[in-house]
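K.L.:
With chain A held as given, fit chain B onto it using these hints.
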Amino acid sequence: MFGKQLYIAFTVLVGFLFVTQSLQADSGLGRIVSFDDEEVEVRINGEIDYWPVDRLGQLPIAILEKDSSNFVRIDSADNVAVWVSLSYVTTDHQAALKKNCQSQQIARSEDKQQFGVRGIGESCEKK
Amino acid sequence: MREKVTLRLLCCCVIASLTLHGCQGTGGIGGFSSGLSAGNRSEGVQGKFIDAVLTDLNVDDESLSSAEQQAAWDKDVGYIRYGNKTVANLPELQSYVNNVLASLRSSLPGNLVVAKVYVTPQKDFEAYTLEHGSIFISLGTLQSLDNEDELAALLAHEYAHVLLNHHSKDTFEILTRYGMRYANIYLQASANSSKAQEKRMRTLQIANWVTDKALFPNWNKGQENDADILAVDLVVQSNYNADAMTAMLKKVELTVLEKKAFVGQNPVKVTKTAKDQSKLNIDLDVLAANAVGSLEHQLDRDYETAKVRQKRVRDYLKQEYKDRPRPEYRTAVYLAHFQEQATKPRVSQYLSAHKAEQALLLDNQGLKKAAPLCQRALGGSLGEDPYARMLMYYIRNSQKHADKAQINLDKAYATGGAPMYTYELLVEQHMQRKQFEQAKVLLEEMDTEFGQPAEILPNMISVQKQLGNFTSMYLLRCLASGDVELIKQCNLASKS
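First to last, the protein sequences are chains A and B.
Under our numbering, think of the first position of the first sequence as 1, with each following residue one higher.
Under our numbering, think of the first position of the second sequence as 128, with each following residue one higher.
None of these hints come from the bench; they were simulated from the model.
For each residue, glycine too, the CB sits at the ideal point set by N, CA and C.
Honestly, I wouldn't trust all of these hints.
[Said to hold, decoys possible] Distance condition first, Cα-Cα at most 30 Å in a straight line; then the derived DSBU-like pairs of lysine-lysine:
id, chain 1, residue 1, chain 2, residue 2
1, B, 438, A, 66
2, B, 567, A, 66
3, B, 434, A, 66
4, B, 202, B, 567
5, B, 471, B, 531
[Stated by the list, open to error] Anything over 12 Å on all C-beta distances counts as not near chain B; from chain A, calculated:
id, residue
6, 38
7, 43
8, 54
9, 76
Next comes chain A alone, as it looks inside the complex (with noise of 0.2 Å):
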């Protein structure tokens, strides 16, 4: 009886996180997938720094938030909000149009279909 209750809740508890971790990692905003440079610029408290890359933490790293001056929060390895310049990273988001530019050429006949609607000149667009 008691270990049975102890795998529900169990059960939930790794459901819990999974999902929080999920949604986290998923917000929607995607995730730095690789950086541009050896340092890179970031923002705390309004104050613009230079990091070098391994004080950012592992890679991917989640964004948690985007502002509209082309910095997005993250939470740094020693866990520290921060704010990155995009000029300085790639985002998964980049990346998978990189991808997709690479791959729709390399699509056969029977995947046209997925492919072909996004083909030169409209594949990296963003809307």
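P.N.:
Just chain B, lined up with the frame of chain A:
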């Protein structure tokens, strides 16, 4: 023998005079010290690059009147039509884009250099600046930008080429690239064979890129660097968010990658036909292969360069503008211009034409899908748009609907803004029907509209000869081109 020597001497003299002419600054927007155009000047500059540029600027007191300036810009428009492009019918959007350019220019002291932006209907990401200070930016580019700051960054880069007087250095290069033009003509001609329609369209797409690379300014790395750095200065001084520069360069990187993939997966194989051989007495296979090979090489270089350029921009921003204001991107105002009453339906029509092109490129059933899409593009105010008309001509021609194709060709021509390809097709038709007088009128029109293009000369000589007129003037122009293959064709035409 003596005649041959005289001919060669004459040829050398003409080429020499063209070379000298090509290296001089051009009248339209001259007035800068020639050292500015060399490129990579920003490399060793201490402090902000714009300060060094402004110090070197030598204000031209004899500025052009507005009528003269417009005439100069019209020449640039003629040039893009020569490169088989057109100007879009989007006056309100074009006016907005020019306003953004004006705000960039207002950050400069005085009113030094004028430039004008034209919007072209093309779907590809492309922007370029021509000799007289015209900046051409495609609708596809405007669609892929996300905000006014990115537009400002792109325009600042193009305007920097104008400010730095880069165009004068390229004049001669353009003059010597007629060979590429033949590659394009050949690719287009071979595309009319019985190949599958989608394959034909892909070949045409690559042929167009080859022509673009050949005809439109292909600045060297140093010039691109200088334009990027100066653009950063202009963008910051105009209170835009300068991070848009890297955002815009990331889009350039994507575009190059896209083209690289397309060219890599669609190898161009050309097959000579008896007709082509007799008309152009050159090894077209080699020419076309070289042209496409050169395109691939240039795209490889562009891709690597795009990454390096981003790094350079970031470093410059960090060095000179670390504490710059970082305003919010002007997204809403940018998108609102596409929703304006007059603009929205027209943009929608052009996008429909883009979809038609897209269907032709990548879909087995492309022709069937493209026809109604293009029909939609031709409705309403775009009815007489040369870009949409020529696309419809291509579709109807591929469907073997000769009469309908002809209607579209004639309407494209009647717009007065058709690309040179339209005229070439009509001349060809008249010549086949032995309507030499009509062919002559068209050729003369092409001569005026497209700035005396050399490749019309064989046809001109042939037609004038048929009409019993003198051809010596055209033969001399042929010699002046310095293009051996063209000279051969002119000789053939004069003997035919």
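K.L.:
Please flag the earlier hints that this structure goes against, numbers listed from lowest up.
P.N.:
2, 6, 7
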